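Residue numbers (UniProt numbering), protein chains in the order written: chain H, 1 to 259; chain B, 1 to 369.
Just so you know, these hints were derived from the structure itself, not from any lab.
Predicted, not measured: the structure shown is a model, and the values here were computed from it.
For every residue, glycine included, the Cβ atom is placed at its ideal position computed from N, Cα and C.
Please note that the accuracy of each hint is not assured.
To be verified - The calculated lysine to aspartate or glutamate pairs, modelled on EDC-like cross-linking and capped at a C-alpha distance of 16 Å, are:
1. H:LYS252 x B:GLU56
2. H:LYS37 x H:GLU137
3. B:LYS236 x B:ASP126
4. B:LYS96 x B:GLU77
5. H:LYS73 x H:GLU202
6. H:LYS190 x B:GLU156
7. H:LYS73 x H:ASP151
8. H:LYS210 x B:GLU223
9. B:LYS94 x B:ASP136
What the hints assert, rightly or not - Quick partial rundown of chain B residues pointing at chain H, CB under 7 Å, derived from the structure:
10. GLU170
11. VAL222
12. GLN247
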Amino acid sequence: MKTLVQVFFLPHLFPVAPELVRILRADLGTDLVKKPKHVAVILPANSSSETEEEEWHAKVAQLVQWSVASGIKCLSVMRTDPLHPQLVELLQERINDSLADFYKEEKSVPVARVRTLRSVEDSLQDVVKRQGVDENEAQRLQRLHGGRKLDLDVVILSERDGHDRLATSVRALGEAALGDEIQSQNITMKFMDQQLSAELTEPELLIVFKDELDLSSYPPWHIRLTEIFHHPDQAVIPQYTMFLQALHRYAKCEQRFGK
Amino acid sequence: MSALSRAIRTVAIKALQCGAIPPHVGFIMDGNRCYGCKVQVGNSRGYYLGYEALEEILAVCMEMGVKVVTVYAFSIENFKRPPDQVETLMELAKTKLAELCEHSELVNRYGIGIRVLGDDTLLPEDVRQVVRRAVDLTKKNNRAILNMCFPYTSREELTMASRSLVNGIEAYELNPSDITTSVLEDSLYTRSCPPMDILVRTSGEIRLSDFMIWQSSRACHVEFIDCYWPEFTFWKLLPILLRYQLQAGSIAQSRREYERRDNLISSEKSNHADIIEEDSAETSEAVSSAAGAGAGAGVPQDLTEHVMTNLRLSRSSSESTLVTAASEYDEDEEEEDSRGMDCYNCQAKEKRQRVAEFLTHRGHLPNSP
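Whenever a hint applies, use it, and build me the whole structure from the sequences.
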């Protein structure tokens with residue numbers, strides 16, 4: 001027989017996380033010394049059939065749930081074909097619904113926003129405009145999402161955003177050089193990094209949900225130090241297990257940076 | 001190695017040759033120091049043991065018919081290591097390079113051309129001279145290639161390629177619309193090599209550490225092996241090759257797909273560019289000057305031919321795409337159809353010649369004939 005206090009008062013002071021979030025937090029454990037800020041995922045999509053597209057959306061929504069619960073700040077998902085803008089909106093709605101469901105007993109529901117990379121020309125203009133302006137990571141993300149606050153940045157990439165985008169960036173730099181805006185001798189690694197990392201940061205961990213370890217043209221500039229997690233039996237291993245194993249493996253790794 | 005194990009190895013190689021042999025294989029030779037500690041001979045001895053493993057793997061690859069072997073000998077980041085370790089590595093490089101180019105039976109038997117990829121301005125002068133000599137002495141060998149990457153990082157390579165292409169645009173040798181994914185690929189250090197088919201990293205680490213990330217992040221079979229480099233023998237390479245053979249078909253298909261997309265994108269860009277009217281005299285002059293410049297700069301004919309052959313091959317595969325694109329573009333102007341297509345084809349041809357001339361002319365790649 002519970003007292004009035006127990007029934008009405010205490011649940012508001014100490015909200016109970018739903019079962020799933022608790023399980024996830026227990027699985028992650030307290031021994032994860034290192035957590036990645038940006039996790040990249042290669043999740044091929046067969047956009048020819050509607051059911052497969054639907055399944056892909058479901059998988060992304062699940063990954064978003066787990067990423068938010070793990071404290072990851074950015075999740076980039078690489079698929080084969082680009083995602084149609086209408087489908088981006090559909091995906092955003094689906095993610096909102098699934099997060100609301102996952103966190104339904106908590107005080108606040110975290111916000112995850114979906115975006116695709118802007119065109120190279122827009123991104124370059126932006127970089128030039130913001131030359132010398134200091135902003136931290138959170139402010140940058142907010143700006144990319146049109147000033148809205150968010151807990152998780154979800155970027156949907158396609159195979160054209162890899163090598164082809166790098167070539168397009170070089171073409172845009174060439175056009176800028178013809179217009180006397182830059183000079184080729186000023187193209188250093190730092191300069192290239194500024195241009196290419198404006199829209200997408202370097203992932204610390206990359207999980208490949210494909211039978212073979214195929215990097216599928218993930219933007220090459222960004223994966224120089226990325227830990228690449230893959231298992232040949234990924235078709236039969238639950239996605240959740242892969243995700244957890246990848247995070248645990250990342251926590252154990254030691255980066256020497258050349259030394 | 002006993003005669004029996006050698007015989008078994010030969011049989012295994014013959015069996016492998018029934019399937020696809022990868023033309024280009026890359027190795028990240030990681031774990032030499034750890035191996036040295038493990039067998040208690042010290043770091044320096046570990047590096048020497050690593051070199052011996054490289055010789056064995058190179059011999060095996062040559063026997064199988066691999067055309068290009070690329071190895072990560074030294075990263076630009078490795079300069080941060082303690083000076084005595086860097087010194088040991090530089091000494092090792094000098095001794096072994098001299099050995100390879102002067103009296104290596106392997107190099108002579110298989111006609112291996114040694115190339116050293118990377119930013120050689122970072123090397124000490126004495127090492128640089130040995131490098132130049134090794135490359136020079138073996139430059140006539142073109143049956144197989146050994147690319148030693150030192151000091152190399154992939155980002156430095158991409159920056160170098162971008163800088164050189166933008167420089168070409170500034171000098172009006174190229175148009176911005178000429179720059180496509182394959183042109184950027186042809187400006188990297190590995191430009192005269194076929195695309196990479198297999199990349200192997202030893203020592204159990206699961207990252208690329210800035211090695212060949214452009215070359216290995218599409219249509220390439222990547223493997224992370226949990227053993228140290230000096231322990232990596234043919235028998236550890238064998239299952240990797242078998243797994244590659246299972247995938248060779250899909251890798252070839254992805255490459256065709258990427259090439260098709262690249263041609264589509266480049267033909268779209270040409271559509272938007274201004275139609276430049278050049279008379280045929282200028283065009284033929286450009287071609288002959290390219291050939292002349294190539295020979296005059298001491299660039300061996302095989303590279304020029306290789307580039308031209310590649311272009312001819314891509315031209316024949318893309319002509320059908322160009323014709324389709326061109327005919328869609330001229331849909332509304334039926335009376336100017338044939339004239340439009342001629343102009344369009346000749347524009348594409350000029351673009352290819354311009355790019356080919358730029359790539360052969362720009363002998364800026366150090367230690368790469």
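Quick rundown of the hints versus the structure:
| no. | hint | result |
| --- | --- | --- |
| 1 | H:LYS252 x B:GLU56 | violated (33 Å) |
| 2 | H:LYS37 x H:GLU137 | holds (11 Å) |
| 3 | B:LYS236 x B:ASP126 | violated (36 Å) |
| 4 | B:LYS96 x B:GLU77 | violated (22 Å) |
| 5 | H:LYS73 x H:GLU202 | holds (12 Å) |
| 6 | H:LYS190 x B:GLU156 | holds (10 Å) |
| 7 | H:LYS73 x H:ASP151 | holds (7 Å) |
| 8 | H:LYS210 x B:GLU223 | holds (14 Å) |
| 9 | B:LYS94 x B:ASP136 | holds (15 Å) |
| 10 | GLU170 | holds (5 Å) |
| 11 | VAL222 | holds (5 Å) |
| 12 | GLN247 | holds (6 Å) |
This entry does not satisfy hints 1, 3, 4, going by the numbered hints stated previously.
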